[in-house]
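*Asks:* Residue numbers (our numbering), protein chains in the order written: chain A, 1 to 201; chain B, 1 to 638.
It cannot be assumed that every hint is accurate.
What the hints assert, rightly or not - Think about it this way: if two alpha-carbon atoms lie no more than 27 Å apart in a straight line, the pair counts; the simulated DSS-like pairs of lysine-lysine are:
(1) Lys141/A - Lys117/A
(2) Lys16/A - Lys545/B
(3) Lys584/B - Lys176/B
(4) Lys100/B - Lys39/B
(5) Lys490/B - Lys594/B
(6) Lys97/B - Lys47/B
(7) Lys566/B - Lys16/A
(8) Lys47/B - Lys117/A
(9) Lys594/B - Lys614/B
(10) Lys117/A - Lys490/B
(11) Lys546/B - Lys60/A
(12) Lys614/B - Lys554/B
(13) Lys406/B - Lys118/B
(14) Lys82/A - Lys117/A
(15) Lys327/B - Lys176/B
(16) Lys490/B - Lys396/B
(17) Lys436/B - Lys82/A
(18) Lys405/B - Lys176/B
(19) Lys117/A - Lys97/B
(20) Lys566/B - Lys545/B
(21) Lys566/B - Lys614/B
(22) Lys566/B - Lys594/B
(23) Lys176/B - Lys332/B
(24) Lys117/A - Lys521/B
(25) Lys584/B - Lys82/A
(26) Lys176/B - Lys47/B
(27) Lys115/A - Lys100/B
(28) Lys115/A - Lys490/B
(29) Lys396/B - Lys436/B
(30) Lys60/A - Lys521/B
(31) Lys60/A - Lys102/B
(32) Lys594/B - Lys405/B
(33) Lys327/B - Lys117/A
(34) Lys521/B - Lys564/B
(35) Lys594/B - Lys546/B
(36) Lys118/B - Lys585/B
(37) Lys8/B - Lys47/B
(38) Lys153/A - Lys145/B
(39) Lys8/B - Lys39/B
(40) Lys153/A - Lys566/B
In short, the hints are calculated from the structure, not lab data.
Note that this is a predicted model, so its numbers are computed, not measured.
Spelled out from the first residue to the last, the chains are:
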Amino acid sequence: MSEIRMQIDGNEVRAKEGRTVLEAARGVGISIPTLCHHDELQPYGGCRLCIVEVEIHGGKTIVASCVHQAEDDLVISTRSDKIDRIRRSILELLLAHAPDSPTLQELAQEYGADKNKFEQEASFCVHCGLCVRYCAEIKEKHAVGFIDRGIRKEISFLPEIAAAECNDCKECFPLCPTSYLQAAFVLVESLAFPRGKATRA
Amino acid sequence: MTREELEKLRQRIVSERDPDAPCITVCAGTGCLASGARKVIAAFDQKIDAQGLEVDLGFRSTGCHGFCEKGPIVIIDPEEICYLQVTPDDIPEIIEKTIKEKEVIERLLYVDQNTGEKAVHESDIPFYRHQERMVFGANRRIDPKSFEDYLAIGGYEALVKALFEMTPEQVVSEVKNANLRGRGGGGFPAGVKWEIARNAPSETKYVVVNCDEGDPGAYMDRSLMEGNPYGVLEGLTIGAYAIGAHEGYVYIRQEYPLALENLTSAIEDAENRGLLGTDILGSGFNFQVRVHRGAGAFVCGEETALLISLEGEVGEPRPRPPYPAEKGLWGKPTNINNVETWANIPLIIHRGSAAFASIGTEGSKGTKIFSLVGKIANTGLVEVPMGISLRDVVYKIGGGIPGGKKFKAVQTGGPSGGCIPEERLDLEVDFDELTKAGSMMGSGGMIVMDEETCMVDVARYFIDFLTDESCGKCVPCREGLRQMHRILSKITEGRGEESDFEILEELAETAREASLCALGKTAPNPFLSTFRYFREEYEAHIREKKCPALSCRKLVSYYIEPEKCKACLICLKECPAGAIDGAKKTIHIIDQEKCDACGICFEVCPSRFEAVMKISGEPVPPPIPEDQRVVIRKIKQQ
Numbered sequence: 001m002s003e004i005r006m007q008i009d010g011n012e013v014r015a016k017e018g019r020t021v022l023e024a025a026r027g028v029g030i031s032i033p034t035l036c037h038h039d040e041l042q043p044y045g046g047c048r049l050c051i052v053e054v055e056i057h058g059g060k061t062i063v064a065s066c067v068h069q070a071e072d073d074l075v076i077s078t079r080s081d082k083i084d085r086i087r088r089s090i091l092e093l094l095l096a097h098a099p100d101s102p103t104l105q106e107l108a109q110e111y112g113a114d115k116n117k118f119e120q121e122a123s124f125c126v127h128c129g130l131c132v133r134y135c136a137e138i139k140e141k142h143a144v145g146f147i148d149r150g151i152r153k154e155i156s157f158l159p160e161i162a163a164a165e166c167n168d169c170k171e172c173f174p175l176c177p178t179s180y181l182q183a184a185f186v187l188v189e190s191l192a193f194p195r196g197k198a199t200r201a
Numbered sequence: 001m002t003r004e005e006l007e008k009l010r011q012r013i014v015s016e017r018d019p020d021a022p023c024i025t026v027c028a029g030t031g032c033l034a035s036g037a038r039k040v041i042a043a044f045d046q047k048i049d050a051q052g053l054e055v056d057l058g059f060r061s062t063g064c065h066g067f068c069e070k071g072p073i074v075i076i077d078p079e080e081i082c083y084l085q086v087t088p089d090d091i092p093e094i095i096e097k098t099i100k101e102k103e104v105i106e107r108l109l110y111v112d113q114n115t116g117e118k119a120v121h122e123s124d125i126p127f128y129r130h131q132e133r134m135v136f137g138a139n140r141r142i143d144p145k146s147f148e149d150y151l152a153i154g155g156y157e158a159l160v161k162a163l164f165e166m167t168p169e170q171v172v173s174e175v176k177n178a179n180l181r182g183r184g185g186g187g188f189p190a191g192v193k194w195e196i197a198r199n200a201p202s203e204t205k206y207v208v209v210n211c212d213e214g215d216p217g218a219y220m221d222r223s224l225m226e227g228n229p230y231g232v233l234e235g236l237t238i239g240a241y242a243i244g245a246h247e248g249y250v251y252i253r254q255e256y257p258l259a260l261e262n263l264t265s266a267i268e269d270a271e272n273r274g275l276l277g278t279d280i281l282g283s284g285f286n287f288q289v290r291v292h293r294g295a296g297a298f299v300c301g302e303e304t305a306l307l308i309s310l311e312g313e314v315g316e317p318r319p320r321p322p323y324p325a326e327k328g329l330w331g332k333p334t335n336i337n338n339v340e341t342w343a344n345i346p347l348i349i350h351r352g353s354a355a356f357a358s359i360g361t362e363g364s365k366g367t368k369i370f371s372l373v374g375k376i377a378n379t380g381l382v383e384v385p386m387g388i389s390l391r392d393v394v395y396k397i398g399g400g401i402p403g404g405k406k407f408k409a410v411q412t413g414g415p416s417g418g419c420i421p422e423e424r425l426d427l428e429v430d431f432d433e434l435t436k437a438g439s440m441m442g443s444g445g446m447i448v449m450d451e452e453t454c455m456v457d458v459a460r461y462f463i464d465f466l467t468d469e470s471c472g473k474c475v476p477c478r479e480g481l482r483q484m485h486r487i488l489s490k491i492t493e494g495r496g497e498e499s500d501f502e503i504l505e506e507l508a509e510t511a512r513e514a515s516l517c518a519l520g521k522t523a524p525n526p527f528l529s530t531f532r533y534f535r536e537e538y539e540a541h542i543r544e545k546k547c548p549a550l551s552c553r554k555l556v557s558y559y560i561e562p563e564k565c566k567a568c569l570i571c572l573k574e575c576p577a578g579a580i581d582g583a584k585k586t587i588h589i590i591d592q593e594k595c596d597a598c599g600i601c602f603e604v605c606p607s608r609f610e611a612v613m614k615i616s617g618e619p620v621p622p623p624i625p626e627d628q629r630v631v632i633r634k635i636k637q638q
């Protein structure tokens, strides 16, 4: 497999072919914030926090580094006024859902995001999809999934599968950046299989 | 069927048809069907049967002609006499007078609203006269279920040419040279896409027709598919040959039953005749087509979401690259174009790329079909050469704004397009000019707005549509649109703040720059373009709590002008809120506390009085004292 050479924030970076820009950057210690990325899962491109600026044909364009393939001669900036502004805006949108999420608060501090910019939303879910994808891709159980679309989209446990699988697993719990997942699980548990194993990890 | 047999069949059909024989054509597109075309057709059938005329008289029901405003449309050939808004009661007269006596029935003709002049022939009607119906024109000449009709107008000549006289590479370069740009919205050169798919290393490749037309008010793809399914299939087969695909899919909206019916009939027929399947026309080329019905999600019109949906998954866009031409359906190189793009292909192959490219502008060749709707006299589908001015489309073809109202803007490009104001009406309609003006070509929706349309509310409406149709995968689109919609609603309700502008612009930037797919990237356009051209309307809503178009309900008040009120009781009886005080011979008063601003009093007040006033951004005059409410004028007049 051939090696790719590109430039990230002024540094010459080498990466294996097939790697994403995010992997290449993190490989040399350049940090790019992410919410929906997980090393063991397929790239998703949902949270868009990992956007970076790429120079193409003299113009700059914004791409999501978690899904953008590393290519020879790419010139990439991981920070700029514009990138920071958009990341801040994304964080503010998510803080309307989960103002007290430690992950979000940490990022909010770095990007100066105001957690009260928008009216608080009723759901704490930030739709990163980590639980859904982990359960599908790693555990192959599909006990939790997305239902509906757009602003009505939410995660939901499938009671039949969850009753059989979740109590002994719960590996998705620590992945959730807002703890909403646990709440969703408790809800389905109490509604659908209340007499199941009561012990909680 | 072999190539020779096809040509023989064509010659036989053409020789059996007398171009001078009378023929009645009834438009049976969805628009005309809705206005009663089925009854008109039944009445013709009955009359023709009863009189035993069928031998001498041709009769054809076709797909959409485009002039939907005036349906049902009947055309009598060879004179090309065009009758509009025909009812079953008119049929005996048409048979007796026009068919038998060659006499024109004046009252069924088109009448120009401005000059009062009548037009006998279709081509004399301004709506048609200024069009160039290269692609859409065939609709009026064929029964969509008749292979013979399609053959008679030169159908499948292009496929024969491609299969027997051209290499796949030559077909690709012909489409490239024509510089045909994708009619579905993106405007990406179709030939370039074809070439990438052709060169992609894979045994299996696919071609796909995107018939998931979802823009509000847009129906050109539906009408093409309903009216000329053979044309779309011919284009698709040529594309498959060029790319090296042996399987094709048509992804068609659930909401398009007639398009589905006519397409399915055409596919079956083409299979039976050897124009689809194995060894097409004896060329050795194999190609089959399957139909897939969408499930009603707007975002599935986006190509990656469409392909995922076709695979049976939830229709959510995926990041590009890789582009479908490299890695599409089931991971195989896939060329996906929309209906209108495919319908252009036979034309390009048949006439040659040079002829095609001679029409249009530097960057956009050929014609484009638009659905002209909204506050416009002639609602319908229009096909115009690229480069025509918006003004010509609105006024010459569209006949201007009805009801003596003033033009305000035309919204192009579907929900994520933009609004173009009066001062930009002379722009030449093509992909690049519309983008420069802050809108886009999109799939060809054109919604005309008059002075009574509030531009803030228009932005709110389209953002609402997009919020509803966002798939919800990425944050800038899902959350950004949620907040934009909330702020725009707030402004239309008079609760806007000066700081909202900055937040809206920030959210617009975030969605435009960071969204995953084209839906999110273009979603802020309804706000951006109205804010760019109609900023003063936004400011009026926020600063003066005024809706200049008198459209936003929360910002409008109604009162009754005491001098004009004749105490007729009409508004009082009609008011659903019981907000109107008054009695016989007592001037009516609207109780502002109770009034819901529904506007019914305004609508029902007789036009000879016009006593109900509608205002915004100014205080309602205090009601006249109770002792002065007797209607004196009425007594005086007596």
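*Asks:* Run every hint past the structure and note whether it holds.
*Replies:* Outcome of the hint check:
1. Lys141/A - Lys117/A: 38 Å, violated
2. Lys16/A - Lys545/B: Outside the cut-off at roughly 59 Å; violated.
3. Lys584/B - Lys176/B: 76 Å, violated
4. Lys100/B - Lys39/B: Holds, at about 22 Å.
5. Lys490/B - Lys594/B: The given pair, whose Cα atoms are some 22 Å apart, holds under the 27 Å limit.
6. Lys97/B - Lys47/B: Holds, at about 13 Å.
7. Lys566/B - Lys16/A: 85 Å, violated
8. Lys47/B - Lys117/A: Violated: Lys47/B and Lys117/A sit about 71 Å apart, past 27 Å.
9. Lys594/B - Lys614/B: Answer holds: Lys594/B to Lys614/B is near 16 Å, not above 27 Å.
10. Lys117/A - Lys490/B: Satisfied, since the Cα-Cα distance of roughly 15 Å is no more than 27 Å.
11. Lys546/B - Lys60/A: 41 Å, violated
12. Lys614/B - Lys554/B: Holds, at roughly 12 Å.
13. Lys406/B - Lys118/B: Distance ~25 Å between Lys406/B and Lys118/B Cα, so the pair holds.
14. Lys82/A - Lys117/A: Status holds; Cα separation ~19 Å.
15. Lys327/B - Lys176/B: Distance ~21 Å between Lys327/B and Lys176/B Cα, so the pair holds.
16. Lys490/B - Lys396/B: Violated - the C-alpha atoms of Lys396/B and Lys490/B are around 38 Å apart, more than 27 Å.
17. Lys436/B - Lys82/A: 22 Å, holds
18. Lys405/B - Lys176/B: Given that 27 Å is the threshold and the Cα spacing comes to 44 Å, the pair is violated.
19. Lys117/A - Lys97/B: Since the Cα atoms of Lys117/A and Lys97/B sit roughly 73 Å apart, the hinted pair is violated (cutoff 27 Å).
20. Lys566/B - Lys545/B: Since the Cα atoms of Lys566/B and Lys545/B sit roughly 31 Å apart, the hinted pair is violated (cutoff 27 Å).
21. Lys566/B - Lys614/B: 18 Å, holds
22. Lys566/B - Lys594/B: 22 Å, holds
23. Lys176/B - Lys332/B: Given pair Lys176/B, Lys332/B holds - Cα atoms ~22 Å apart, limit 27 Å.
24. Lys117/A - Lys521/B: 22 Å, holds
25. Lys584/B - Lys82/A: 67 Å, violated
26. Lys176/B - Lys47/B: 51 Å, violated
27. Lys115/A - Lys100/B: 79 Å, violated
28. Lys115/A - Lys490/B: 20 Å, holds
29. Lys396/B - Lys436/B: Holds, because 24 Å separates the two Cα atoms, which is no more than 27 Å.
30. Lys60/A - Lys521/B: This hinted pair holds, its Cα atoms lying about 16 Å apart.
31. Lys60/A - Lys102/B: Cα-Cα ~67 Å, so violated.
32. Lys594/B - Lys405/B: 31 Å, violated
33. Lys327/B - Lys117/A: Violated: Lys327/B and Lys117/A sit about 41 Å apart, past 27 Å.
34. Lys521/B - Lys564/B: 52 Å, violated
35. Lys594/B - Lys546/B: 20 Å, holds
36. Lys118/B - Lys585/B: 48 Å, violated
37. Lys8/B - Lys47/B: 34 Å, violated
38. Lys153/A - Lys145/B: 42 Å, violated
39. Lys8/B - Lys39/B: It is violated: about 37 Å lies between the C-alpha atoms, which goes past 27 Å.
40. Lys153/A - Lys566/B: 55 Å, violated
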